[in-house]
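With chain A fixed as given, assemble chain B with the ligands onto it according to the hints.
Single-letter residue listing:
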Amino acid sequence: MMLNIEHLSIIFHDREEPFTAVEDFNLQMDHGEIVGIVGESGSGKSMTAHAIMGLLRRYAVEVTGKAKFDGADILKMDEKELRRYQGVEMSIIFQEPMTSLDPTMRIGKQVEEALLLHTKLTKEKRRERALEAMELAELDEPEKLYDLYPHELSGGMRQRVMIASALVLSPHLLIADEPTTALDVTIQAQILKTLKEINKKEGTAIMFISHDLGVVKALCERVIVMQHGHIVEEGPVDQVFYHPQHEYTKHLIESRPTRRKLKGRKLDDE
Amino acid sequence: MTNEIILHLGNVNSYYGRGKARKQVLKNISLTLHKGEVLGVVGESGSGKSTLAKCAIGLVTDIEGERKLNVENSQMVFQDSYGSLNPAKTVGWILEEPLRVRGLRDKKELRRRAVEMLQTVGLEEEHYDRKPSQLSGGQRQRVSIAASLIQGSKLIILDEPVSALDVTLQAQILQLLVDLKERLDLSYIFISHDLAVVYQICDRVMVMYHGEVVEQGDVDAVYDNPQHEYTKKLLEASLSLG
Ligand SMILES: Nc1ncnc2c1ncn2[C@@H]1O[C@H](COP(=O)(O)OP(=O)(O)OP(=O)(O)O)[C@@H](O)[C@H]1O
Ligand SMILES: Nc1ncnc2c1ncn2[C@@H]1O[C@H](COP(=O)(O)OP(=O)(O)OP(=O)(O)O)[C@@H](O)[C@H]1O
Ligand SMILES: [Mg+2]
Ligand SMILES: [Mg+2]
Chain A
1 MMLNIEHLSI IFHDREEPFT AVEDFNLQMD HGEIVGIVGE SGSGKSMTAH AIMGLLRRYA
61 VEVTGKAKFD GADILKMDEK ELRRYQGVEM SIIFQEPMTS LDPTMRIGKQ VEEALLLHTK
121 LTKEKRRERA LEAMELAELD EPEKLYDLYP HELSGGMRQR VMIASALVLS PHLLIADEPT
181 TALDVTIQAQ ILKTLKEINK KEGTAIMFIS HDLGVVKALC ERVIVMQHGH IVEEGPVDQV
241 FYHPQHEYTK HLIESRPTRR KLKGRKLDDE
Chain B
1 MTNEIILHLG NVNSYYGRGK ARKQVLKNIS LTLHKGEVLG VVGESGSGKS TLAKCAIGLV
61 TDIEGERKLN VENSQMVFQD SYGSLNPAKT VGWILEEPLR VRGLRDKKEL RRRAVEMLQT
121 VGLEEEHYDR KPSQLSGGQR QRVSIAASLI QGSKLIILDE PVSALDVTLQ AQILQLLVDL
181 KERLDLSYIF ISHDLAVVYQ ICDRVMVMYH GEVVEQGDVD AVYDNPQHEY TKKLLEASLS
241 LG
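Chains A and B supply the protein sequences, listed in that same order.
Here my numbering is used: the first residue of the first sequence is 1, the next is one more, and so on.
Here my numbering is used: the first residue of the second sequence is 1, the next is one more, and so on.
The shape of chain A in the complex, shown without the other chains (with noise of 0.2 Å):
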């Protein structure tokens, strides 16, 4: 097994009283596996990507259970061995790309940047890999967006430039949170080939955090759906879609938007 997650908790401790983000979080996945998370705006799915990619190592935050890749356990290692990890064993594409880009760094070098930390690459070899990562990611004239800051990009653009620094290593585990939020369809679509294809040529391992059923359906083989921290409904995404057991997953299947215009309501009617 590659990722053991066991009775993993978040608190936060910022404010008077204490704030249990996630309780309980289990789960365990195999290398070259897919799963998706679901779950209500504030459920704990960011947090918990956080907590697994060993970024919440910071005041007033206390995470407990387990965290096991690969039999060592994340929450226990030192910053020198995460650091071994982080980029190379596993990667993250954020759910906000302006609060992960460094404004003042070049796109091309922050694409680049795990291969400058991990690999002996050439310069030449660094540049030739990142701009097929940023090709991967979709993005058009990739020699072009090279040498902008990421304030000079559109949103869908960043969103593309943090896919394409989560490959740049191919990772044995890659956590997406949301990761094509800003993206029309067509370029969703493509997305979500390009991450089925890495899957199965390099056994990259997916957990894909995502509010829309839809494309968790596309692209995964299991499913979490989780709700105030907790997880509350699992299985085969067939399953979990078409025989829905908790009340919020049926409420997000039967709410998906359809061709129909909404009227306004007066104040009385409500």
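Hint data in this document are derived by calculation from the structure and do not stem from the laboratory.
Note that the Cβ used here is the ideal one computed from N, Cα and C, for glycine as well.
Mixed in with the good hints there might be a few duds.
[Unchecked claim] In the DMTMM-like style, the derived pairs of lysine to aspartate or glutamate whose C-alpha atoms are separated by at most 20 Å in a straight line are:
1. Lys261/A - Asp129/B
2. Lys263/A - Glu182/B
3. Lys23/B - Glu33/A
4. Lys261/A - Glu66/B
5. Lys201/A - Glu33/A
6. Lys263/A - Asp218/B
7. Lys23/B - Asp102/A
8. Lys35/B - Glu182/B
[What the hints assert, rightly or not] Partial pick of chain B residues on the chain A-facing surface, computed with a CB cut under 10 Å:
9. Arg102
10. Glu109
11. Leu110
Relative to the frame of chain A, chain B with the ligands by itself:
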């Protein structure tokens, strides 16, 4: 909807960068937005939708052509909610500030209004004391929406406002926008990559491609009879539009 014009752009070109790096992003854009109208903007990633929004409210200044904005103030919900909320302030402060600027001083009343606004976007009183960094992505997006609505502007530009939200929350926010629009005669420019969402809320839609408007019309007309290849491709791929 009335005939009163809220925003007019006539043959607008816009540019980023200076000197040799100056490059054109918008080409010959014309649009008219009436009071009470919702104009949807769809188009490829990088086609210039956010730039158009920033032009409309004067945040992009290197432009040619005609721009007339007939409202005193306008609000924009930015695509990147993280960058647009003051990280040093609490959610409560962010929501109350525009009310304070307008002269409201009563602390209890300020708090009541802020909490009420939080609840209308599906958040709770517990989020009042949080900083933006202490929220999830979708919670932050909803704070941005709340912050723009509380301003009381007649024109609101929403750049992918519900992209981080699941269908249930999306439906709740869209309904809220429609209700407010009818009650207060607001006008919106609504940017989205999701054609189903655009259909639900917009009267008219324009399709952008490489900085140009390639198609524009009533939502039904464009959806039933798309002319441009990109529009056709988008509609075909939007399975949920059965
Ligand atoms: N620094 C923090 N201090 C306190 N609470 C926090 C902090 N960061 C996040 N939270 C809370 O933890 C909960 C889980 O957040 P998380 O970002 O994991 O949600 P999510 O499932 O990814 O939601 P979304 O779909 O909106 O992105 C939320 O209720 C959020 O408000
Ligand atoms: N500040 C800037 N400086 C230089 N170029 C920019 C700047 N902002 C945007 N651009 C460029 O302008 C073009 C249009 O960007 P814009 O953000 O308007 O696209 P968009 O349609 O909103 O795309 P998305 O759907 O991905 O958000 C892109 O090619 C982008 O790289
Ligand atoms: Mg999240
Ligand atoms: Mg944009």
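Which earlier hints can't be squared with this structure?
-> Hint check: 1, 3, 4, 7, 9, 10 and 11 fail, others pass.
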